[in-house]
Amino acid sequence: MKLDSKIPEGPLAEKWTKHKFNLKLVNPANKRKYEVIVVGTGLAGASAAASLAELGYNVKAFCFQDSPRRAHSIAAQGGINAAKNYQNDGDSIYRLFYDTIKGGDYRAREANVYRLAESSVSIIDQCVAQGVPFAREYGGLLANRSFGGAQVSRTFYARGQTGQQLLLGAYGALNRQIANGKVKMYNRTEMLDVVLVDGKARGIITRDLLTGKIESHSAHAVLLCTGGYGNVFYLSTNAKGSNVTAAWRAHKKGAFFGNPCFTQIHPTCIPVSGDHQSKLTLMSESLRNDGRVWVPKKAMPGLKGIDAMKVPEADRDYFLERKYPSFGNLVPRDVASRNAKIVCDEGRGVGSGLAVFLDFTDSIKRDGEDTIRAKYGNLFDMYAQITGENPYKGPMMIYPAVHYTMGGLWVDYNLMTNIPGLYALGEANFSDHGANRLGASALMQGLADGYFVIPYTIGDYLANIGWADKIGTDHPAFNEAMQSSTDRMNKLVNIKGKKTVDEFHRQLGLTMWEYCGMSRSEQGLKKAKQIIQDIKKEFWTNVNVLGTSMELNQELEKANRVADFIELGELMVDDALARGESCGGHFREESQTPEGEALRKDDEYVYVSAWEFKGENQPEELHKEELRFENVKLTQRSYK
Amino acid sequence: MKIKLKVWRQKNKDTKGAFKTYNVDHASPDMSFLEMIDVLNTDLIRKGEESIAFDHDCREGICGMCSMYINGHPHGPLQTTTCQLHMRTFKDGETITVEPWRAKAFPVIKDLVVDRSAFDRIQQAGGYVNVNTGGVPDANEIPISKRIADEAFDAATCIGCGACVAACKNASAMLFVSAKVSQFALLPQGQVERMERAEKMVAQMDAEGFGSCTNTYACEAECPKGIKVANIARMNREYLGAMITSYDASSGGGGE
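Order-wise, the sequence lines are chains H and D. Under our numbering, think of the first position of the first sequence as 4, with each following residue one higher. Under our numbering, think of the first position of the second sequence as 95, with each following residue one higher.
Don't read these hints as lab results, they were simulated from the structure. Treat the hints with caution; some may be incorrect.
Claimed, not checked - Selected chain D positions facing chain H (in silico; Cβ < 8 angstroms):
(1) 104
(2) 117
(3) 125
(4) 133
(5) 150
(6) 202
(7) 203
(8) 219
(9) 233
(10) 237
(11) 278
To be verified - Listing some non-contacts, in silico: residues in chain D with all C-beta distances to chain H over 10 angstroms:
(12) 165
(13) 211
(14) 302
(15) 309
From the three backbone atoms N, C-alpha and C, an ideal C-beta is built for every residue, glycine too.
Using the sequences and the hints given, assemble the complete structure.
Right under this line is the structure:
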């Protein structure tokens, strides 16, 4: 099968405008005859559901949490990028486009990224109109900051809770349509399968998490806005409930999975404190603007707090400043993370051994404690609360953690997967961030997809199929899918094995982290593949899920998700093996420069990998979508 | 550290619940309260007993899903969410009592899980600005003073966890509702529907069976996000204004 990205012809800056004109429209009077399913209510899902309902479509929206407001977009801290150039510092749509393509290490589509940059300006207008309380200057205009090493100040923010404020804006828009009767909202409901008839997406199968009831829903189109899959690593900055199940079930029904091995590991997280650890907490990377990262030159096991302050300057290794004199502590996330791993692997880690210092002593000396408190007070408080240590009295300790997944369901320019009628938006798709996402770009993409892309592109599909082309839930395909979902739930509660779901999940996570995390090698990946296959075999014979499938059963929910993470883990390993280059967050040990930096191989790997499921326990087939760069010249990143 | 836990166990909304006591013998001071429950749950499963059901998601204090009533306080003794409460807050050997949120409008679903959908319905009654996607003015068209923007943010930071309701002897939702009413009463974008919004949200709040406010300020004392009772005063003013002008949307306009 040939992958058609449907990228419009014409000059970059005109593609989206022309494409919007060429897309078919649905007659306003007919819109109410269409039904659209939206799974997930984060930034992408809530904004899409609300915007489509405003246009007149009937929407059914689903979330597994007790309220759509709790989707994990809520936890995003830093901000949202937009090419407004309010600061008169040289920003433009083209610059945001260029930075995003380059930051993604040239593994994203030019046309998609340009559209993202174009949409960014409308997002800010929209959110302000909704009453999102962005930070402002004394004159009353919007404030911006430079974020993640960007050379312009284009990041809009609402203290350290930008994701929360944007999501509550979208949640308000969604609530308005629920009140209008245009959105029917299903809380505490999880999608278990997508239903295809004649190759088109026709609906979904869900489980009511309170009663266990398996239900079917039909529609003209299905939108998966179900977020990323960082929890495949068990420990990540994702919410506990974040999962890959919706995307994975779609994959097993034929939707291609794009770049599954592209994961982002964030350098400034609070280190693991023990085996009980259930999740990792991110601290905004803005901390690296004033903190200096170091470890002792010679191993000093257990070093932390006040003792660290006594280490003489000559015995410290400020390794980022040493290796990257021009960018120093502000190197991109992947570089900062990998270097923290290197020094810890050398045995020079501090605290538990898996941590490096982030030291504010010099900034406090320079600017005073009050200034630092004003800038980062909430982060310092959070650190103190979680670790029990006072970060004003000794350096913070940080360690990288899995944060975001650039990979996801493969989609074309219209955000449609290769299955007609099935779309993927936000983090759930692979599309815009290439091999590495820039800070403050996730919120931008989720909202661009939901507010400003899908309302146009879905109309073309719906107009083409026509409103009469709908299949009811009485079709045998729905019954079959319901039966197989019911069987799966019953199977999970009837294994009655010896190990808890979390034990399997933790084992999978450790394997992924060790072999498919910050650094990957052919040998390690091959080993990981074997381990994951063993975990899968054992899971289906030895997992212990108590209770029944017809009640609120949180162990069953977890088991159902972990089973999918195990299968996804294997595909990530396959993808990492197939990509024999280093690019962005994907570092292959076999592909590095003599100085140990990532080495991209543009003559072999300028493509999106799109994996096709070929049946249970069969190897998946790799399809390649070649990426064409007509506007930017590919260069090696250098931060020396 | 060793902990004795008295936990509310209730099979479902139709059966009667009761406290059950468990020993957690290997808690670490660095664990969050929820991680301690995770450890207990693993022990329970190994013993063939069903795990304790509880709501949680982000585990970083922002989603508002966790909701445990610990030793007589929503989210426990500190002004945090349950997920940000750590075991070092407790003494070795301590007995800790854990209950679900207690409020008529938040019926218990199972163990520590309650139904907070009433909060969603209040927001649906008017917790938004009526604008469609697209066709809005440039973001910098209307300047907003930093003071007002900051004040609106302070109200908007509510996470909808329901601690205010659980803390209140009347199970009043005034702090929650007033946070949203305040955010929009402060911002220029919220002015157009200001009256209607207060009226509709308060009406829905009453319909859900929340109690009245008698100014004990327990809500403010327990709110993990520090939402101020001044918001309640503002909502009362908004509501009074709305009632005096008696704007009735359904009849197409009233006495303004």
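query = At a threshold of 8 angstroms, is the proposed contact between residue 150 (chain D) and chain H supported by beta-carbon distances?
reply = Holds - the Cβ of residue 150 (chain D) comes within 8 angstroms of chain H, reaching about 6 angstroms at its closest.
key: Claimed clearance of chain H by residue 309 (chain D), with the beta carbon kept past 10 angstroms   = The claim holds: residue 309 (chain D) sits with its nearest Cβ about 27 angstroms from chain H, beyond 10 angstroms.
inquiry  = Checking hints one by one. Is residue 133 (chain D) an interface residue toward chain H, by the C-beta closer than 8 angstroms rule?
reply    = With Cβ-Cβ at 6 angstroms, under 8 angstroms, it holds.
inquiry  = Interface hint check: residue 104 (chain D), Cβ to nearest Cβ on chain H, cutoff 8 angstroms. Holds or violated?
reply    = violated, 11 angstroms
Chain H contact restraint for residue 233 (chain D) - C-beta distance below 8 angstroms = holds, 4 angstroms
ask   = Against chain H, with CB atoms and a cut of 8 angstroms, does the hint on residue 125 (chain D) hold up?
value = holds, 5 angstroms
inquiry  = Under 8 angstroms is the threshold here; is the Cβ of residue 237 (chain D) close enough to any Cβ of chain H for the hint to stand?
reply    = holds, 3 angstroms
task = Confirm or reject the statement that residue 211 (chain D) sits farther than 10 angstroms, beta carbon to beta carbon, from all of chain H.
result = With a cut-off of 10 angstroms, residue 211 (chain D) comes too close to chain H, as the shortest Cβ separation is near 7 angstroms.
query = Taking the least C-beta to C-beta distance, is residue 117 (chain D) closer than 8 angstroms to chain H?
reply = Cβ of residue 117 (chain D) sits 16 angstroms from chain H, so the hint is violated.
task = Double-check residue 278 (chain D) for me: the hint is only fine if its C-beta lies closer than 8 angstroms to a C-beta in chain H.
result = holds, 6 angstroms
ask   = Should the label of residue 165 (chain D) as a non-interface residue stand, given a Cβ cut-off of 10 angstroms to chain H?
value = Non-interface label stands for residue 165 (chain D): nearest chain H Cβ at 18 angstroms, farther than 10 angstroms.
inquiry  = Restraint: residue 202 (chain D) near chain H, CB-CB cut 8 angstroms. Satisfied or not?
reply    = violated, 11 angstroms
Figure legend: structure checked against the earlier numbered hints; hints not met, in rising order: 1, 2, 6, 13.
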